[in-house]
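Protein chains: 2
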Amino acid sequence: MAITIKDIANKAGLSPASVSRILNNHGRFSAETAKKVHEIAESLGYFKNQSAADLSQKQSRVVGVLVPVAHTNFADEIIKGMQHTAYELNYELLITFIDTDEKKQIQTVQSLLSRKVFAIFMLAIDAPTALFELLNHANVQLVSISNQLNNKIPIISSNNDLMMHQIVDHLYQKGHRKIALIGSSERYPIVAKIRRKGYIDALAAKGITYNPDWIWGFQNTYQTGLDAIQHFGTPLPFTAAIGSADIISVGLLNAAQDAGLVVPNDLSIVSVDGTELTQLTRPILTTIEQDFQMMGHLALSSLHEKTLTENAIIYTDTKIVLGDSVRDFNNY
Amino acid sequence: MAITIKDIANKAGLSPASVSRILNNHGRFSAETAKKVHEIAESLGYFKNQSAADLSQKQSRVVGVLVPVAHTNFADEIIKGMQHTAYELNYELLITFIDTDEKKQIQTVQSLLSRKVFAIFMLAIDAPTALFELLNHANVQLVSISNQLNNKIPIISSNNDLMMHQIVDHLYQKGHRKIALIGSSERYPIVAKIRRKGYIDALAAKGITYNPDWIWGFQNTYQTGLDAIQHFGTPLPFTAAIGSADIISVGLLNAAQDAGLVVPNDLSIVSVDGTELTQLTRPILTTIEQDFQMMGHLALSSLHEKTLTENAIIYTDTKIVLGDSVRDFNNY
DNA sequence: TCATTTTGCGTAAACGTTTACGCAACTATA
DNA sequence: TATAGTTGCGTAAACGTTTACGCAAAATGA
Chain B
1 MAITIKDIAN KAGLSPASVS RILNNHGRFS AETAKKVHEI AESLGYFKNQ SAADLSQKQS
61 RVVGVLVPVA HTNFADEIIK GMQHTAYELN YELLITFIDT DEKKQIQTVQ SLLSRKVFAI
121 FMLAIDAPTA LFELLNHANV QLVSISNQLN NKIPIISSNN DLMMHQIVDH LYQKGHRKIA
181 LIGSSERYPI VAKIRRKGYI DALAAKGITY NPDWIWGFQN TYQTGLDAIQ HFGTPLPFTA
241 AIGSADIISV GLLNAAQDAG LVVPNDLSIV SVDGTELTQL TRPILTTIEQ DFQMMGHLAL
301 SSLHEKTLTE NAIIYTDTKI VLGDSVRDFN NY
Chain R
1 MAITIKDIAN KAGLSPASVS RILNNHGRFS AETAKKVHEI AESLGYFKNQ SAADLSQKQS
61 RVVGVLVPVA HTNFADEIIK GMQHTAYELN YELLITFIDT DEKKQIQTVQ SLLSRKVFAI
121 FMLAIDAPTA LFELLNHANV QLVSISNQLN NKIPIISSNN DLMMHQIVDH LYQKGHRKIA
181 LIGSSERYPI VAKIRRKGYI DALAAKGITY NPDWIWGFQN TYQTGLDAIQ HFGTPLPFTA
241 AIGSADIISV GLLNAAQDAG LVVPNDLSIV SVDGTELTQL TRPILTTIEQ DFQMMGHLAL
301 SSLHEKTLTE NAIIYTDTKI VLGDSVRDFN NY
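If you read the protein sequences in the order shown, they are chains B and R.
Quick note: the first sequence uses the numbering used here, first residue 1, plus one each step.
Quick note: the second sequence uses the numbering used here, first residue 1, plus one each step.
One thing to keep in mind: the hints can contain errors.
The list treats identical chains as one, so a pair stands whether inside a single copy or across any two.
[What the hints assert, rightly or not] Lysine-lysine pairs mimicking DSS-like chemistry, simulated, CA-CA at most 25 Å apart:
hint : residue 1 : residue 2
1    : Lys48     : Lys197
2    : Lys206    : Lys104
3    : Lys103    : Lys36
4    : Lys152    : Lys206
5    : Lys58     : Lys319
6    : Lys36     : Lys6
7    : Lys11     : Lys174
8    : Lys48     : Lys104
9    : Lys152    : Lys193
10   : Lys48     : Lys103
11   : Lys306    : Lys206
12   : Lys58     : Lys48
Bear in mind the hints are in silico, worked out from the structure with no lab data behind them.
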């Protein structure tokens, strides 16, 4: 039915082996025959059967990507970066959204493993035990992106500690002393923990003792932002809040405005992520931008260059991008 | 290295054939041996080599999904719907973001074809000629989702004509007579054409002659929304605008507010798509919601049941979801 | 009890590719 | 011209699975 290298070989008066060598540019062959083979392949409309190739080589160039179903929009950015690099380095990406249902997760990952993927990228995933077990069992290279799991798996991420310092420094410089952290109280365990610590340390560095009540909310959802304002009530006990994800910050902003507060006068907001969402609000949100595309790129390229040791941590840059959501107390 | 059915066969004192039959629940075997085989497979940590299976069966259960890189967020919804159904019916999804660069597109799709995918879903893709050529050449089932390409490819989509009627009827009922259509002037050729026609027809049905100048903008971007307000200037010559995608509507809203207009008093907006984005604005956008998850579901299930003929068109439901972005002239 | 059917499983070929090995023909070197 | 090295390519096995076919044993029926 479909065209195989055997067909090409017949037409060219060669053996399949030679055709394979030529098409893969691997081994010895003459330029002349190569030209002929390429022409014939083209004219017959040949497509390599990658399954057969994978089977023969016992290794595929497929990388599985696990994306949480409730994937915040930064996942798209990471994938974009990966896709670009995959194209350059000739890898294939098997992107899979994973569910919260554990049974589904397992089945999904099993099918990845069946494909003999040679690496699995986990985007912002807190592997629950069963899944994690499975992944460790299979011997496949794991990479955790934009999250930190344990010290067995290499990590590509922003420096969450540094980010918190950058944000607190920025707010401090604008005159803020009462700063809340919304959305890192529990979830995404390790990242949240690092952020909390960074936040506390950064405050301490300015001589501010943090108020534990002001670290509030743990889900990266819009609702968390809404609820936070509700929770603290007006007038708010702080002048600035850090939203631990863009969607949280939008929630904060809307809830504050709905409650009659003016942003940034009554509440300043700095958002963590810096996706397009921060540009769609009024006022535009000041944000710390993570380089998600770079994460995607680095994941693949460092994998390619085999520079990923077990406990590697690669940090990508973060920077403050100014919007209009932070009040400057110096100008009053 | 890895465990194969041969290993299982040895340990069970069977032939690989029997193991295969058992694991795939296909053919004859005794319940007793089946139990043994499953146990051994479990204990050895066996993973099927899907490449080998695909090769042997000459057909894979992999469906390729082509998603435009600048994928508006409804793509996520469609994929979610597909993923759910894929899980039920035991298919695998190979999601691929495709670039605007034609050479990359070709390479990407080639690699899909190499995987012997048995169908390709195209999400909101206007296939440019070269890609289209390639896809037609390969004999693979194509399905166009949320877009209409030509009458050779089955379509799963909202009824764009009906949607426009629903929107115009809603606006008319609220007392609007001057209604603009932003974002369907040229692009997404067929869909845009249908929307324009639906819009014009719906107006005509109310005895309104449309103003060709009020069909403006062709890209599904935030910028289109911003530019539209700029283009028409204030005060706007119409009382309501239909944003042909959520992101356009957000642009309209922000630009209008930035220009000092009050939504909905000075401008009413109805958005097309109804993704989460419409809930994040103030005021919340009135929108016509498309059932994207259902599109994803139907694509896969109708493929599975082989009910997709060449020129099939399957419409999913659309409905108006009320927000606060439409002024009601009846209440004044 | 014998004939027939059913059951459980093994044999072997096939899927399309890659690659180690080897050989003949050619090229370079002295 | 003899020798050694190189080049181009074919042979054949291997990857792990599936499945048509067939056979012996067991089950069924009379």
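To see whether the hints hold, each was checked on the structure:
In this assembly of identical chains, the alpha carbons of Lys48 and Lys197 never lie at most 25 Å apart, being 52 Å within a copy and 44 Å across copies at closest. When the C-alpha separation of Lys206 and Lys104 is checked against a cutoff of 25 Å, the pair qualifies neither within a copy, at 47 Å, nor between copies, at 50 Å. For a Cα distance limit of 25 Å, the shortest separation of Lys103 from Lys36 across copies, 23 Å, qualifies, whereas the shortest one inside one copy, 51 Å, does not. Neither within a single protomer nor between protomers do Lys152 and Lys206 lie at most 25 Å apart by alpha-carbon distance, with minima of 35 Å and 67 Å respectively.
Taking the shortest alpha-carbon separations for Lys58 and Lys319, neither the intra-copy value of 43 Å nor the inter-copy value of 51 Å comes in at or below 25 Å. In this assembly of identical chains, the alpha carbons of Lys36 and Lys6 lie at most 25 Å apart only when taken from the same copy (15 Å versus 41 Å across copies). Taking CA atoms no more than 25 Å apart as the test, Lys11 paired with Lys174 passes in neither setting, with 75 Å inside one copy and 71 Å between copies. In this assembly of identical chains, the alpha carbons of Lys48 and Lys104 lie at most 25 Å apart only when taken from different copies (17 Å versus 31 Å within one copy).
In this assembly of identical chains, the alpha carbons of Lys152 and Lys193 lie at most 25 Å apart only when taken from the same copy (18 Å versus 55 Å across copies). In this assembly of identical chains, Lys48 and Lys103 lie within 25 Å of each other by CA distance solely across copies; the values are 18 Å between and 34 Å within a copy. Within a single copy, Lys306 and Lys206 get their C-alpha atoms no closer than 41 Å, and across copies no closer than 67 Å, so neither meets the 25 Å cut-off. For the identical chains of this complex, Lys58 and Lys48 are neighbours both inside a copy (16 Å) and across copies (13 Å), given an alpha-carbon limit of 25 Å.
The structure shown violates the earlier hints numbered 1, 2, 4, 5, 7 and 11.
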